[in-house]
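Number of protein chains: 2
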Amino acid sequence: MKVEFVNPFINGLLNTLSMMAQTELRAGKPKLKDDAVARGDVSGVIGMVGAQVQGSLSITFEENLALHVMEKMLGKKVTELNHEVADMVGEITNMICGSAKGELSEKGYEFNMATPAVVTGKNHTINHQVDGPRVILPFESDFGRAFIEICFNK
Amino acid sequence: MKVEFVNPFINGLLNTLSMMAQTELRAGKPKLKDDAVARGDVSGVIGMVGAQVQGSLSITFEENLALHVMEKMLGKKVTELNHEVADMVGEITNMICGSAKGELSEKGYEFNMATPAVVTGKNHTINHQVDGPRVILPFESDFGRAFIEICFNK
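Protein sequences appear in the order of chains S and L. For the first sequence, the positions run 458 to 611 when my numbering is used. For the second sequence, the positions run 458 to 611 when my numbering is used.
Some hints here could point you the wrong way.
No copy labels: a pair is met if it fits in one copy or bridges any two.
Computed list of lysine-lysine pairs in BS3-like fashion (alpha-carbon distance at most 30 Å, straight line) [to be verified]:
1. Lys534 <-> Lys490
2. Lys529 <-> Lys564
3. Lys534 <-> Lys564
4. Lys490 <-> Lys533
5. Lys579 <-> Lys564
6. Lys564 <-> Lys490
7. Lys533 <-> Lys459
8. Lys533 <-> Lys486
9. Lys529 <-> Lys486
10. Lys579 <-> Lys488
11. Lys579 <-> Lys490
12. Lys533 <-> Lys564
13. Lys534 <-> Lys579
14. Lys459 <-> Lys529
No lab work stands behind these hints, which were simulated from the structure alone.
Take these sequences, add in the hints, and give me the full structure.
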């Protein structure tokens with residue numbers, strides 16, 4: 458997977474959380490999957506389909522970070538990963554992917570997005586099933602960690 | 458969502474497990490999401506994108522059933538939801554969706570499939586984020602339960 462494919466998703470997350478939740482994340486070093494497993498408590502998963510490529514993306518949050526973003530975005534203090542937090546993570550997933558889609562479209566890569574699904578459950582892992590490369594992007598913040606995992610079949 | 462949209466996915470799961478793992482599931486009554494939550498231990502998630510529709514599908518297995526199918530499909534007894542089981546669930550997800558895609562294409566509904574992602578984690582839930590209807594299809598077997606959740610934006 459080319460770097461120019463990855464950066465738009467990193468920017469998508471950083472910009473979305475900065476604008477919508479005044480929360481600054483620090484992007485760590487991208488890792489090829491297999492030497493890294495991302496665990497978290499709530500995740501958004503979204504599929505991408507273009508004429509030439511298929512892929513999927515997941516964005517996983519640790520509980521504390523998700524609750525912090527929820528409070529900042531909706532001005533509402535919640536103490537557990539309820540349906541409202543799941544909806545918010547679904548929205549964020551759409552925003553990251555939509556933002557990257559726009560940026561990649563300008564570079565000549567076109568794809569459409571499926572409907573996002575949100576996974577809730579303490580300490581789960583997500584594994585993208587594809588023959589192509591899988592990349593994990595780690596993020597840190599003062600409130601907890603997040604991970605994006607992306608794969609495309611080329 | 459129309460019934461003709463749902464049945465191909467039911468048949469896809471029943472046929473896949475019967476053929477590949479000699480495991481018979483009994484399909485329960487489809488339920489509209491909101492009065493039902495599917496919990497399980499390992500799930501495949503896949504996005505679908507057509508010219509007119511976007512949607513996603515998840516197939517969730519209880520641990521016991523996933524381990525049974527693993528043993529039947531690969532002739533290998535495993536005792537935990539490891540990477541091999543995740544790969545198998547990814548394969549099954551592809552097969553269900555591919556089988557339904559063929560059947561729906563004959564009826565004039567065309568979509569392409571994204572890459573599947575597999576979620577592992579005790580007792581997680583998956584929630585599809587869409588304005589359209591969300592349908593849960595429950596399945597029972599002698600070895601545990603499975604759930605398909607499907608949504609399309611129309």
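| request: Go through the copies and call it for lysine 579 and lysine 564: within, between, both or neither, with a Cα cutoff of 30 Å. | output: For lysine 579 and lysine 564, neither the intra-copy (38 Å) nor the inter-copy (41 Å) Cα distance is at most 30 Å.
| request: Go through the copies and call it for lysine 529 and lysine 486: within, between, both or neither, with a Cα cutoff of 30 Å. | output: So lysine 529 and lysine 486 pass the 30 Å test inside one copy only (26 Å; across, 40 Å).
| Alpha-carbon proximity between lysine 534 and lysine 579, which holds within one copy, between copies, both or neither at 30 Å | Answer is both: 20 Å inside a copy and 27 Å across each meet the 30 Å cutoff.
| query | Which holds for lysine 529 with lysine 564 at a C-alpha limit of 30 Å: within a copy, between copies, both or neither? | reply | Classified as neither: same-chain Cα gap 33 Å, cross-chain 46 Å, threshold 30 Å.
| message | With identical chains, the pair lysine 579 and lysine 488 could be close in the same copy or across copies; at 30 Å between alpha carbons, which is it: within, between, both, or neither? | response | Answer is both: 23 Å inside a copy and 26 Å across each meet the 30 Å cutoff.
| field | Homo-oligomer pair classification [lysine 529, lysine 459; C-alpha up to 30 Å] | value | Neither way: lysine 459 and lysine 529 sit 34 Å apart in one copy and 39 Å across, limit 30 Å.
| task | Using 30 Å as the alpha carbon limit, work out where lysine 579 and lysine 490 are close: within a copy, between copies, both or neither. | result | Answer is both: 21 Å inside a copy and 22 Å across each meet the 30 Å cutoff.
| message | At most 30 Å between CA atoms: does that hold for lysine 533 and lysine 486 within a copy, between copies, both, or neither? | response | The answer is neither: 32 Å in one copy and 37 Å across copies each exceed 30 Å.
| said: Within a copy, between copies, both or neither: which one fits lysine 564 and lysine 490 at a CA-CA cutoff of 30 Å? | reply: Close inside one copy (25 Å), not across copies (39 Å); limit 30 Å.
| request: Up to 30 Å between alpha-carbons, please classify lysine 534 paired with lysine 490: within, between, both or neither. | output: This pair counts as between: shortest inter-copy Cα distance 26 Å, intra-copy 34 Å.
| message | As a check of your reading, is lysine 534 near lysine 564 (CA-CA no more than 30 Å) within one copy, between copies, both or neither? | response | neither (40 Å within a copy, 48 Å between copies)
| field | Within, between, both or neither: lysine 533, lysine 459 at alpha-carbon 30 Å | value | neither (39 Å within a copy, 37 Å between copies)
Comparing the model with each earlier hint shows violations of hints 2, 3, 5, 7, 8, 12, 14; every other hint is respected.
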